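Participant: Here is how the chains run, residue by residue.
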Amino acid sequence: MSVLNTPNPDAEDRGVEPLNEKSLRAQDVQEQRLLLSLATPAVLAVIAIVVIPVGWLFYLSFTGSDGQLSLVNYQKMIEYKSYARTFVTTFEVSILTTLICIMIGYPLAYFLAMLPERLAGFFMLAVLLPFWTSLLVRTYAWLVLLQKNGILNDFAMSIGLWDSPLKLVHNLTGTLIGMAHIMLPFLVLPLYGSMRKIQRDLMHAAANLGASPVQAFWKIYFPMSLSGMVAGSLIVFVLCLGFYVTPAVLGGGRVVMVATQITAILENQFNWGAASALGVVLLVVTMIILTIATKVFKLDAVLFGKR
Amino acid sequence: MSIQSNNLKTESSTALPIHVQDLTKKYGEMFALDSVNLDVKSGEFLTLLGPSGSGKTTLLMAIAGFNRPDSGSIRFGDEEVILKPPHKRDVGMVFQSYALFPHMTVAENIAFPLKLRGVSAAETAERVATALKTVQLDGLGDRDIEQLSGGQKQRVALARAFVFRPRILLMDEPLSALDKKLREQMQIELKHLHEQLGVTTVYVTHDQREALTMSDRIVVINKGQLTQIGTPNDIYNHPANAFVADFIGESTMLPLTHDGSGSLYFEDNLIKTNYKTSDAKEWSLVIRPERLTVVKDGQYDPEKTIVFSGVIREFIFQGETAFAMMSVNDKYTLSFRFGTDASSWQNALKPGDLISLGLNRSDVIVIPGGREL
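Chain order of the listed sequences is A and B. Counting from 1, one number per residue, gives the positions in the first sequence under the numbering used here. Counting from 1001, one number per residue, gives the positions in the second sequence under the numbering used here.
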């Protein structure tokens, strides 16, 4: 505080209000209220489309077919093997998709981060383009490409890469190809962002201090890009857990994930309780995984903007 | 900074001279470096000084190995290094941005070059501690980089650059991010550190005052060419041309005419006799503002003093000195400075005052050419 701000001791003695104190505080309060009111629509929307439906789902999952409270839906999940299989498949597909995305996405993001910013923007379009086309269209496009007499098999056989058509679709392979394609931007964007923040001087410094390019990458660049990679991987992984369209179309009924199972239960049995229970278990498992990952990778800063 | 330890000292036999020969680097059609030749002596503190875009950083980066010149040679001692990648050059460098690794602690940053060189854990710990002590950061080894102030980061960057005892130390405007007071303090500290380490140091700055304060020699660079090389005293008192005179310190330049017999005149004032005038067609008189003094009629020796008379146009109080501009014949403007101690302050000048300023003949600086505009 500068000398000029020393309060006038006389003012306190006489019990006189500091100049304009009340009006200035009132302005503060008014500003905060204004900010709060800006958030109101979003808060209401979250309550209407997240809190209430999830709460209702939660309630339904604990309700038997007779409308009474019961654990029957959860008991079924333990009794029937197909449920366990669904969860295993879901995690298997999600983990594999995430790994494929990392393997393709890391070099891609690195390449983009090395380019001058304008050029990177152009190439980024290639990554973002899929975002602007319909998910369904993209998924069926993969079907056309990958099916038995599809473009890929025809082409590969015509140049002699393989002799009889490979089974590339209606199985795990097709599902993974389609999902990796759709999920890639979700990994590349945060990863690219964290890579862009790595100053080039740091790599120069590493080289100057005696690190070969490979050493500089593993000791400096990779650890610094890790937060972006983990954040992107988590987004991809969590999105995969609840994914429906692509596994349904490209899996051809052989890759049954939780979302597919939920649809089946609703369409075949019209059993809201059972479907809800699946949803609740998926939600809880996802939350547990996120919590652990956050702790292990110290992701607070990345995910919640904490310093 | 006091001398903490002798084992930091690079033995003078291993401090290496740098020989830069015909180094050229073009960006498009522009020469960033135009056939530069420079010898940095073993153990000296040499500053590359120039405006932004002059090529000083390009030269430093070429020495460090971060850019690839088009042609030329760089030798450390007898060894040609122009084709060597940066990680094999074994030079320490302090970056303008400090370039500290944010995911490592202070001690880990400083230990980084030692680990890469396979120094044992015990020796690494010892050398890191010594380096921290040298830059007056004892006990801060466990801090995160984020927790440090700008000045502390600067010191860590410095410690990291010399801890592996490089034979050459490069610094790219290392103090430019610090505030003025800290910067001036660090200048003195860096100078002492250099004396302590005895390592050949190449320092880049655009701050002429910093260059004058720290350097054994200064290289003035402009448009990719070396304009002048000399001690701070040489550069300030004997600028080679208008660019140097203008860039280093404050100056007024007045056009001179010669009488054909070796004497140079400003208006009717004889400035210098027996001047070898065959070198150039134009000459200028360079006047440093602080070398002018207010003189009263009849109270000076015309043999020793050149006198300019005119009208005060501008008068600015700047703390330790005051700055004024005097118009001569409404044609030329002379800047001058004087102290603000009470005795001279009482004679404070006002715009419109008629005064005479004297320049000691021994302070006359004549340069070929005129002011570049």
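Be a bit skeptical, because a hint or two may be false.
[To be verified] The calculated lysine-lysine pairs, modelled on DSS-like cross-linking and capped at a C-alpha distance of 30 Å, are: (1) A:Lys219 with B:Lys1026; (2) B:Lys1133 with B:Lys1223; (3) A:Lys197 with B:Lys1041; (4) B:Lys1191 with B:Lys1223; (5) A:Lys295 with A:Lys219; (6) A:Lys219 with B:Lys1088; (7) B:Lys1088 with B:Lys1115; (8) B:Lys1084 with B:Lys1026; (9) B:Lys1180 with A:Lys197; (10) B:Lys1272 with B:Lys1041; (11) B:Lys1115 with A:Lys197; (12) B:Lys1191 with A:Lys197; (13) B:Lys1084 with B:Lys1115; (14) B:Lys1026 with A:Lys197.
FYI, nobody ran anything at the bench for these hints, they're computed from the structure. As the structure is a computational prediction, the values presented were derived from the model and not from experiment.
Participant: Taking the hints in turn, state whether each one holds.
Facilitator: Here's how the hints hold up against the structure:
| no. | hint | in the structure |
| --- | --- | --- |
| 1 | A:Lys219 with B:Lys1026 | violated, 33 Å |
| 2 | B:Lys1133 with B:Lys1223 | violated, 41 Å |
| 3 | A:Lys197 with B:Lys1041 | violated, 39 Å |
| 4 | B:Lys1191 with B:Lys1223 | holds, 28 Å |
| 5 | A:Lys295 with A:Lys219 | holds, 22 Å |
| 6 | A:Lys219 with B:Lys1088 | holds, 17 Å |
| 7 | B:Lys1088 with B:Lys1115 | holds, 15 Å |
| 8 | B:Lys1084 with B:Lys1026 | holds, 20 Å |
| 9 | B:Lys1180 with A:Lys197 | holds, 28 Å |
| 10 | B:Lys1272 with B:Lys1041 | violated, 36 Å |
| 11 | B:Lys1115 with A:Lys197 | holds, 26 Å |
| 12 | B:Lys1191 with A:Lys197 | violated, 33 Å |
| 13 | B:Lys1084 with B:Lys1115 | holds, 21 Å |
| 14 | B:Lys1026 with A:Lys197 | holds, 29 Å |
When held up to the earlier numbered hints, the structure conflicts with 1, 2, 3, 10, 12 and fits the remainder.
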